Amino acid sequence: MRFLTAALCAVLAAAPAVARPVSYPGGVTLMQELDPMMGSALLHYTPDRHYSVGGRYLRLREAEANLAGGQVTWLARRWNMPSAQANVYVTGMAGGAWRDGETARPGGFVEAQADWENRRVMLMGMARLTHADNLGTSDMQMARIGWAPYAGDYGDAHLWLFAQVMRDSAMQDEVQPAIVGRILYRTILVEAGVTDRGGLILNSVFRF
Amino acid sequence: MKTMFIALLLVAAPLAAAPTPEAVTVKVNGLVCDFCARSIEAMMKKRPDVSGVHVDLDKGEVHLALKANATLDDPTLKKLITDSGYAVTGIERRASPAGREFQARPQ
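For the protein sequence lines, the chains are A and B, in the order given.
With our numbering, letter number 73 in the first sequence gets 58, and the count goes up by one each step, no holes.
With our numbering, letter number 46 in the second sequence gets 53, and the count goes up by one each step, no holes.
Simulated from the structure, these hints should not be mistaken for laboratory data.
Don't take every hint at face value.
So, partial list: chain A residues that the calculated Cβ filter (under 8 Å) puts toward chain B [stated by the list, open to error]:
(1) R5
(2) Y9
(3) P10
(4) V13
(5) A61
(6) R62
(7) N65
(8) M66
(9) V73
(10) D138
(11) Y139
Covered by chain B, according to a simulated footprint, are these stretches of chain A (three or more residues, beta-carbon under 8 Å) [unchecked claim]:
(12) 87 to 93
(13) 99 to 110
For lysine to any residue, the following SDA-like pairs were computed, each having C-alpha atoms within a straight-line distance of at most 20 Å [claimed, not checked]:
(14) B:K86 / B:T96
(15) B:K53 / A:Y30
(16) B:K53 / A:D138
(17) B:K34 / B:K86
Here the structure is a predicted model, which means the values were calculated and not measured.
Just so it is clear, CB atoms sit at the ideal spot from N, CA and C, and this is done for glycine as well.
Working from the sequences, and respecting the hints, build out all of it.
The structure is reproduced here in structure tokens:
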């Protein structure tokens, strides 16, 4: 049970760091994550610049468990500065969690995320409270700092390097560091990284 | 001579009255991310009055080429940029006889 909860939280931790979770009116975004423990997909639609709605599915491979549900993200505040942008998002997800062959029970999470970036530096922090009737409750925090080796022009491929730390109550409160590389090209974002324990991180985002 | 002058006027008049495409430069705050700025391009591509769009991340500017006869007023333009996620700080317009004030991205 504890492992399942830990795996669930570890999976959820990676998702919001990938990209801006609210797009432009009419925009559709597909986000995918993969690591040694899980596969995940989130498809969201932005009807208004203030929020997005979508559906998320997670597959916890080692735990043979699943989580699926609807997700709403609200852009609570945005600061547009001459050479930087900052955002605060609040996200809620509600759905069901189940192990293979078992009945789904209600589950979901609430989350707050903040970021600041200019063309060479990015800071991001988030906190999440997760609960599922059959998985328990846990809390998690994560922080990222990113650096772009160069400031590319519009249309160029853009490279970012991130250092990331995460603390999870379901993982003995251990702080787990990771390094992640990101390439952006037009409406495609791809990330690859590794945790300090050798776990592979592969994320991608496609915006339509 | 008089006939020639009238003929010249008849030929030149339509040319003089021909609409001149407009080039618009929008100064924007928050324009730091290529991936995110694609929202501006996506929003503008929906417009029948925009023939080209280019984003200058260095200057924080969005450059638009409007089609001949097209008008895109400031409030509409400001709303489009705001909906894309950015803050407009200024709008500059000028005639673009050649329609090539910048390297417009064909649509």
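Which hints, by number, does the structure contradict?
4, 5, 6, 9, 12 and 16
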